[in-house]
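Asker: Going line by line, the protein sequences match chains A and B.
The first sequence maps to residues 1 to 211 in my numbering.
The second sequence maps to residues 1 to 762 in my numbering.
Honestly, I wouldn't trust all of these hints.
What the hints assert, rightly or not - Only some residues are given here: those of chain B computed to face chain A with a beta carbon under 8 Å:
id	residue
1	Leu411
2	Ser606
3	Glu608
4	Asn632
No wet-lab data here; the hints were simulated from the structure.
Backbone N, C-alpha and C fix where the C-beta goes; we use that ideal spot for every residue, glycine too.
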Amino acid sequence: MAKTYDYLFKLLLIGDSGVGKTSILFRFSEDAFNISFISTIGIDFKIRTIDLDGKKVKLQIWDTAGQERFRTITTAYYRGSMGIMLVYDVTNEKSFENIKNWIRNIEENASADVEKMILGNKCDLEAKRQVSKERGEQLAIEYQIKFIETSAKDSLNVESAFYTLARDIKAKMEKKQEASNPAGARSGAHQIRANEQQRKPTSWLSRCSLL
Amino acid sequence: MTNATIQEIEGIDDYWGPAFRSIYEGEGHEAFVQQLDERIKQHDKEIEKLCNFHYQGFIDSIRELLQVRSHAEELHAEISNVDANVKDTTDSLCAKAEELIRARRVELNIAATIEKMELCLPLLTTYSKLKSQVEAKRYYPALKTLEQLEHVLLPRVGPYKWCGQISADIPRLRQAIQDASMADLRDFLENIRELSPQVGAMALRQTQEMLGRSLASIVQNKKDMAVLGIPTNITAGPQCPHELVDFSPLHRCLHIHSVLGAKNDFIQYYRSQRKQQARLVLIPASTNLHDSIVGVKNYLNAVLGFFILEEHLLSAGAGLVSKDWLLDMWGMSVTKVASTLRTNTSLITDPTLMLSIKHQIVLFINTLKCYGLPTDPLPMLLQEMAEHYTEVLMQRWVGVFRDILDNASFLPIEVANQDQYDGVMDTFPYDGDELETEPFPRKFPFSTIVPAVYVQVKEFIFAWLKYSAGLGLGGGRRAAAARHSASLLLSRSFTGCLSALFRRPLPLMQLVQIIVDTQYLEGATLCLYEFISNITGSELVTTQTAGSMFQAARDDAEQQICDKLEKKVDEFLDLENYDWLLVEPTGQASSFVTDMLSYLSGVLTSLEQLPERARVAAVRAATNRIATRLRNLLLDPAVKQISSGALDQLNLDVIQCEQFAACEPVPGLKEGELLEHFASLRQLLDLITGWDWSSYLHDVGIEGGKYSLVTPRDAATLLEKLKEAEQKSSVFSVLKKNERDRRKLLDTVLKQLKQLQNQDGS
Ligand SMILES: Nc1nc2c(ncn2[C@@H]2O[C@H](COP(=O)(O)OP(=O)(O)OP(=O)(O)O)[C@@H](O)[C@H]2O)c(=O)[nH]1
Ligand SMILES: [Mg+2]
Chain A
1 MAKTYDYLFK
11 LLLIGDSGVG
21 KTSILFRFSE
31 DAFNISFIST
41 IGIDFKIRTI
51 DLDGKKVKLQ
61 IWDTAGQERF
71 RTITTAYYRG
81 SMGIMLVYDV
91 TNEKSFENIK
101 NWIRNIEENA
111 SADVEKMILG
121 NKCDLEAKRQ
131 VSKERGEQLA
141 IEYQIKFIET
151 SAKDSLNVES
161 AFYTLARDIK
171 AKMEKKQEAS
181 NPAGARSGAH
191 QIRANEQQRK
201 PTSWLSRCSL
211 L
Chain B
1 MTNATIQEIE
11 GIDDYWGPAF
21 RSIYEGEGHE
31 AFVQQLDERI
41 KQHDKEIEKL
51 CNFHYQGFID
61 SIRELLQVRS
71 HAEELHAEIS
81 NVDANVKDTT
91 DSLCAKAEEL
101 IRARRVELNI
111 AATIEKMELC
121 LPLLTTYSKL
131 KSQVEAKRYY
141 PALKTLEQLE
151 HVLLPRVGPY
161 KWCGQISADI
171 PRLRQAIQDA
181 SMADLRDFLE
191 NIRELSPQVG
201 AMALRQTQEM
211 LGRSLASIVQ
221 NKKDMAVLGI
231 PTNITAGPQC
241 PHELVDFSPL
251 HRCLHIHSVL
261 GAKNDFIQYY
271 RSQRKQQARL
281 VLIPASTNLH
291 DSIVGVKNYL
301 NAVLGFFILE
311 EHLLSAGAGL
321 VSKDWLLDMW
331 GMSVTKVAST
341 LRTNTSLITD
351 PTLMLSIKHQ
361 IVLFINTLKC
371 YGLPTDPLPM
381 LLQEMAEHYT
391 EVLMQRWVGV
401 FRDILDNASF
411 LPIEVANQDQ
421 YDGVMDTFPY
431 DGDELETEPF
441 PRKFPFSTIV
451 PAVYVQVKEF
461 IFAWLKYSAG
471 LGLGGGRRAA
481 AARHSASLLL
491 SRSFTGCLSA
501 LFRRPLPLMQ
511 LVQIIVDTQY
521 LEGATLCLYE
531 FISNITGSEL
541 VTTQTAGSMF
551 QAARDDAEQQ
561 ICDKLEKKVD
571 EFLDLENYDW
581 LLVEPTGQAS
591 SFVTDMLSYL
601 SGVLTSLEQL
611 PERARVAAVR
621 AATNRIATRL
631 RNLLLDPAVK
641 QISSGALDQL
651 NLDVIQCEQF
661 AACEPVPGLK
671 EGELLEHFAS
681 LRQLLDLITG
691 WDWSSYLHDV
701 GIEGGKYSLV
711 TPRDAATLLE
721 KLKEAEQKSS
731 VFSVLKKNER
741 DRRKLLDTVL
751 KQLKQLQNQD
761 GS
């Protein structure tokens, strides 16, 4: 039976409430935008399959609630993710400052080798901008994370942000496989599945009560 | 002889013939001639002697005659002289005399003329009076003068040409007067056409004042006037609306026509003119009455003014207007007014405008009553307008609700301090006893839309009651109607907005909150009824239960929740990546299953606030979906082979799901209910992994058997796949003895199963 995908990557979107996480995901998965703000409750996900160098990559992207009151629910999802998008709003200084806190959160809860990326969203609102692109860049360099400014509204860089993160995860994974599978002696009968690399002994079922 | 003849001749004067004959015939000729000569000589001697005798006297006479001649000449000269003198003197005299004669004749003529003129003079002055009267438009006296002229003065004066002219003029004048008075009538009609809106406006104002009059305000008025030193019954300007109009031209016209003997024609004419005017009045001046209140006001003023004037003429119009005629025309008009208003108001979308129009119509009706005009289709119209008003309000509130929903976050309200808490409690009736004791931040179970919608429904009720005010309805009826409209607003408009909302892809949690919110809104309807009975001053009616006002919306939302959950399950299952030829199972559940189950239990916990029914339905839908999808996976014709290792892996995953189902993720389920969704899958897996074919084939067709849910077809399908996989893995190896036995058994079972399938005809 033909496999529906070659890789499955689990990505996570985090950042303050209202910075546009849901909007970015909505743009990426449905190529649409909604001006009204419906704050996310708890957690939700969307799936989109992309093509990376001839490989079918399924992205399961988890969208978290930015509001403080859902923090416990959302941090439970850090562990399983392979890539995390840290989103701030360029028109909101506070959301930018909070990026540091979000990074600390990641350090405390996610696996150490998780790929990260910082997104400065709403860059279409030039007139209301509070955080310059340079400051975003500066912060990213400080943490050695990639950075890009996006606009879910104008569909700017959203696509490329996800592709970049997916590509980096893929590269990192292939490098690891290379290391554990020297001389590339792979049977080729079927792909080794990406998520197998992530599998931890702790069952997700045991977190039933976390929510 | 001879002597005798001469004597004879001398003696006879003339008869000389016989004498001459005798002479001629006798012989004595000589003697006769001698005698004759002698005779002659004798006569000559005698003449001579005579002449000598007279000569002296003759000369004297001539001398004297010559003297006479000179004297005569003298006399002649003298006479000529006198004659010339006389001639001179008499000439001038004659001229004077002639002059005198002429003057005398003139004098006579003048006297005669004066006499005649004196007769004519009254006629002429009257005539000129007539002219000036006509000119001054005093037609009635003019007519009287005309009469006098015709019957008294003209016959008195002789048959002069000018009299003839005047006589000929009389009918023309009479016609002119009639025409002119008609023109006056037309002016009058024109005039009242302009004035009647003012008349109507004044009447409406008076009604308004009368309605607004209370004992207190009258007393206050009197006091005010006393303070200002105004005598109480000072009258400035017209007191009655009809006094705005000067009816005298009309009365004059009527008089004139009565004098002319054309009173009836005139009445007829007047009525037909007014009828035409009525027609004009009934067509609103501005075509769009639904644009502003001004148009409606003007229209009603004009109509009212028109009929107030007619009504006034009924009592003071000397038969110009009859009761029947008036009522007839009014009947026609009021129907038209009603239909015009109906058409126009049906287009209005502005409730404030509707209210003003309603107010205007109520005033109109009250005024009509004052003037004794029947109001009839108008109350009916108000009723219809009430329905339209409700529609308009509902439409408006649809907008309001849509706004609320568009800007809603659908998050439970969280308040950080007492002020915020009180803010919510003031707007919405919530029994917050438990919440009261909790520390801040306190969390209400409902979202912001609940108080917002509640407040808006109250606003709606306010707006709605505004219309029914002044219609003379009792409090009870008003309250009932208001209750009806309010619940209609919620069950139709608001629910409609909710349905529209559901068409948007709403996140699951928001759907849950909406369901919760509708419950709180429903719970608050009783308070709305209380509110209604408070403002209408009627008794509280509690019999009417709002019950399932939003049930449709809730069902919709619940269905969506189920759909969404199923979709999520599908998405997880799409991540399935089974290796169907797996040799050794990993000993762990597949990650898509563990992810899915943790996601689901998270979601289900947050469905806590949902009514049990909805929660149960959601979890049932999700579990059923999982079971179905897993089972389909196993039987999928695209999967040709399944190794027992793969089967073990799937079994492990199913066990995870069963555990999830068994620990009853939501309360309110029947014991083991969820597990039943997995029953057929479980039996199939047990059968295959347990290799329990003998009991399967033995019990087949028996109700309640261990594998009663496994059809021979499914069993066969799966067995085929297993067989395929085994064959593949052992193509090159020599089969061991027990493996050969197993293969043989497998074939037998397959054969049996095929047979069973054929028996069933399936
Ligand atoms: N102008 C502009 N507005 C945006 C953009 N992205 C998001 N928004 C708006 O920002 C608001 C918040 O967007 P969401 O995507 O719901 O925010 P969120 O980060 O998911 O918020 P939480 O779910 O509460 O954590 C919405 O009103 C969006 O329309 C953007 O790129 N440009
Ligand atoms: Mg969000």
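Asker: Against each hint, give a clear statement of whether it holds in the structure.
Answerer: Taking the hints in turn, this is what the structure says about them:
Because the beta carbon of B/Leu411 sits about 6 Å from the nearest beta carbon in chain A, less than 8 Å, this interface hint is met. Checking B/Ser606 against chain A: minimum C-beta separation of about 6 Å stays under 8 Å; hint holds. About 11 Å separates the beta-carbon of B/Glu608 from the nearest beta-carbon of chain A, more than 8 Å, and the hint is not met. Among the interface hints, the one on B/Asn632 is violated; its C-beta lies about 13 Å from the nearest C-beta in chain A, farther than the 8 Å criterion.
Violated hints, listed in ascending order, are 3 and 4; each of the other numbered hints is respected by the structure.
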